[in-house]
Amino acid sequence: MPCQDASKMMSLAIDKRLSAAEQLEFEAHLAECESCRDEWAYMRRMNALLAGAKRVQPPPGFTAHVMARIQQRLLWRSILRGGSLVFIFSLLVAISFSSVVIAISPALDPFVRTPLLASIIAFFERSNGLVLTCSNALHAILSAAFNSNYPFIIVGYLMVAVVLLIWWTRVLLVPRLKSSVVNQRGDWEGQSCP
Amino acid sequence: MSAELEQTWAQAALAGDQDAFARLVEAYQMPIYNLAYRMLGSPTEAEDAAQETFIRVYGRLGSYDPTRKFSSWILSIASHYCVDRLRRRHGNTLSMEEIMGQNWIPDKHLKPEDQAVRHEERELIGRMLNELPAPYRLVIVLRYWQDLGYDEIAEVTNDTVSAIKSRLHRAREMMAEKLKREETGGVQKQRERRINENALSRCF
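Protein chains in written order, with the numbering used here: chain G, 160 to 353; chain S, 41 to 244.
Just chain S, same shape as in the assembly (with noise of 0.2 angstroms):
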């Protein structure tokens, strides 16, 4: 979507069509509702969290710097309340039935086996964004799925280029680690397993 058009619905919605701010939030909704989706977890939390967001915007219009990019500008909007929300949330951490509950859509191009590797997958995920502190969760979301530079997600969070970098890092090693301590716990519990198992067909 070209800047020049964004620009010129964003000055129509502030005169007072909402027409116009209605083309914005169609435009906009796949990247707020991800972003939310993906910080907050569950899909509930994330469509009210998204709608808020663009209730801010409109209420914000008349402060939009036109130099600044509107996709910077409404991706700032989202993640602060996205940022805020985890803070409020008890404890900072999702509760297991919202990281089970990952928006399970089943893909029907996919095999039934394909799926649940799928399902593995995203639940993975969640356990993984989980080990993230707010600031932390926000730099990946907006690196993995909004395809951000670190320039761009320094001009978002309204931090340095140099913050971001060792934000990210930061964030990664601690993803890897959950990563590392899933797997190797996951092998731990395989062969606990087999041993019960082993143990009960030696008594009966």
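Just chain G, same shape as in the assembly (with noise of 0.2 angstroms):
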């Protein structure tokens, strides 16, 4: 047998695969041939090494760590699609609480103010009155970054602002969504398989 059938049948004759006519002239060449002796001398001892790996525990904690990742995957899904139409209006609404913040600095353009405070007030009298906030508020905003006398004031103003959106978004909005996507447990840690 050439050196190179006996190299070929190594592998097969590690996992004992081999016909008992194939192992005897494997063994018959191995006994003629230093150099396959050699060889299958160390094919035995890599496979004696990764035989005796051990296997490695996964970190504590990994499923609870799964299902949290999955959570939030479906929260994001949830605000892209279904969750579309509550985050607009929420966005709408953060927007004219903030504009109130913004109608009080006295850095604002009077000309800006007075529709927008108006605005504030017909909200509370009529329910439509939500989107003519916003439209003014927006205004209020875009004047007062670009054409105002005092620009830090209003910097500062609008800082506020965006610290009641982030708060409006996480303290209400996020909760409420995910209150809709996690079904009754959202606490994984702890279980184990029966």
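I should point out that these hints are in silico values taken from the structure, not numbers from a laboratory. Any given hint might turn out to be false.
[Said to hold, decoys possible] FRET-style restraints, in silico, Cβ to Cβ: (1) S:V157 x G:V322: 56 to 64 angstroms; (2) S:D59 x G:A200: 46 to 54 angstroms; (3) S:D124 x G:L323: 42 to 50 angstroms; (4) G:W235 x S:D59: 18 to 26 angstroms; (5) S:D199 x G:A200: 24 to 32 angstroms; (6) S:H159 x G:W235: 41 to 49 angstroms; (7) S:D59 x G:Q163: 53 to 61 angstroms.
[As the list claims (entries may be wrong)] Cross-link-like lysine-lysine pairs, in silico, DSSO-like; alpha carbons within 27 angstroms at most: (8) G:K213 x G:K175; (9) S:K218 x S:K205; (10) G:K175 x S:K151; (11) S:K109 x S:K205; (12) S:K218 x G:K167; (13) G:K167 x S:K109; (14) G:K175 x S:K205; (15) S:K220 x G:K167; (16) G:K213 x S:K109; (17) S:K205 x S:K220; (18) G:K213 x S:K218; (19) G:K175 x S:K218; (20) G:K167 x S:K205.
Glycine included, every Cβ here is placed at the ideal spot set by N, Cα and C.
Two chains, each in its own frame: build the complex with the hints.
Structure follows, in structure tokens:
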């Protein structure tokens, strides 16, 4: 048997998948060929090393992490799909809410402040005032940013508005959406396989 | 774990029961984490890859074919992800730090000197695996750490049994060659060190 054939048999020999006849042929070749014997010795050492390697334990809390990541994906999906209506509505509410803060800023141009204040008052009188308030608020924010005499004060008030917006999203919007995604239990920590 | 139970869990998870999916994760975390760990070589990367695998499994539950073995399906998702990740990695090799950091968890039942031997073996295995291109590494990992037969490996990687046979053979050859290089190199290094020590002792 040529050495090349013997070499090709080695992997099968390790897995004990040679037929009895092949096994005999293989052993006969090893008995007479030193270089193949040498190769076979390294093959067997390599096999013993790998076969003796232990499995490692996954880190604790693995399942809980996976489930938390799945929750997060589902949350974003629901914001992008079904939750978009809720999201737009809360964005409108957030803008008009922060516009109250901007409206009381002393640096704001009175020509912008007056319609904004008027629309805020109108909002509490009529329900369709929300959209009107929003458009006036956006106008106020833009004009404040570009042609105000006191841009620094306006920037400060805008930051207050942004903080309020973040607060609105994190404290009110996200838990609301989450509760619609999670069914019953949200905690998988410590659950084990029966 | 029985195949029927897995099927029930998979069906329940698909219907929106997340507890059922959590049970599947619990049952498969060990094989999937070990596959990722041996493929990628670092515990932190393995954790991330194993988590990503389960997220993919969750997303694809709808396309699972119940006539197929669940374990083969989930292992094939993990395998594809790990091979992709290895290919995306620059140069397809591990950094020295990653090989050294091969999850050195001391075994309390062993004596310190045995622990040191284990540590060396682990590093050697890491260097040997590191020799292999991704598809070769995959068949080795499936054979040794998942205990799969040739036909099962073929099912996971979507190849023929004869292709698996030759790939496994080539992978083993490469690893045995590496082992030989390591050992003969090691002997040479020892000899060099002895010569240097002798030279030093003659100087002083």
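Has the hinted range 24 to 32 angstroms been met by the Cβ atoms of S:D199 and G:A200?
holds, 30 angstroms
Holds or violated: G:K167 with S:K205, Cα cutoff 27 angstroms?
holds, 10 angstroms
Range first: 56 to 64 angstroms. Now tell me if the beta carbons of S:V157 and G:V322 are that far apart.
Holds, since S:V157 and G:V322 (Cβ atoms, about 59 angstroms apart) stay within the stated range.
For the hint 46 to 54 angstroms, verify it against the beta carbon of S:D59 and that of G:A200.
Because 52 angstroms falls inside the window, the suggested range holds.
Taking 27 angstroms as the top limit, are the C-alpha atoms of G:K175 and S:K151 close enough?
violated, 34 angstroms
Regarding the pair G:K213 and S:K218, is the alpha-carbon distance no greater than 27 angstroms?
holds, 21 angstroms
Can you confirm whether the C-alpha distance between G:K213 and S:K109 stays at or below 27 angstroms?
The hint holds at about 25 angstroms.
Range hint 42 to 50 angstroms (beta carbons of S:D124 and G:L323) holds or violated
For S:D124 and G:L323 the Cβ distance comes to about 43 angstroms; the hint holds.
Starting from the hint 53 to 61 angstroms, judge whether the C-beta atoms of S:D59 and G:Q163 obey it.
holds, 56 angstroms
Hey, G:K175 versus S:K205, does the alpha-carbon distance stay inside 27 angstroms?
OK: G:K175 and S:K205 at ~13 angstroms, within 27 angstroms.
41 to 49 angstroms was suggested as the range; check whether the CB atoms of S:H159 and G:W235 agree with it.
Given range 41 to 49 angstroms: holds, Cβ gap about 43 angstroms.
Decide if the proposed pair is consistent with the structure: S:K220 and G:K167, CA atoms, cutoff 27 angstroms inclusive.
holds, 18 angstroms
The structure is inconsistent with the numbered hints 10, 13, although it conforms to all the rest.
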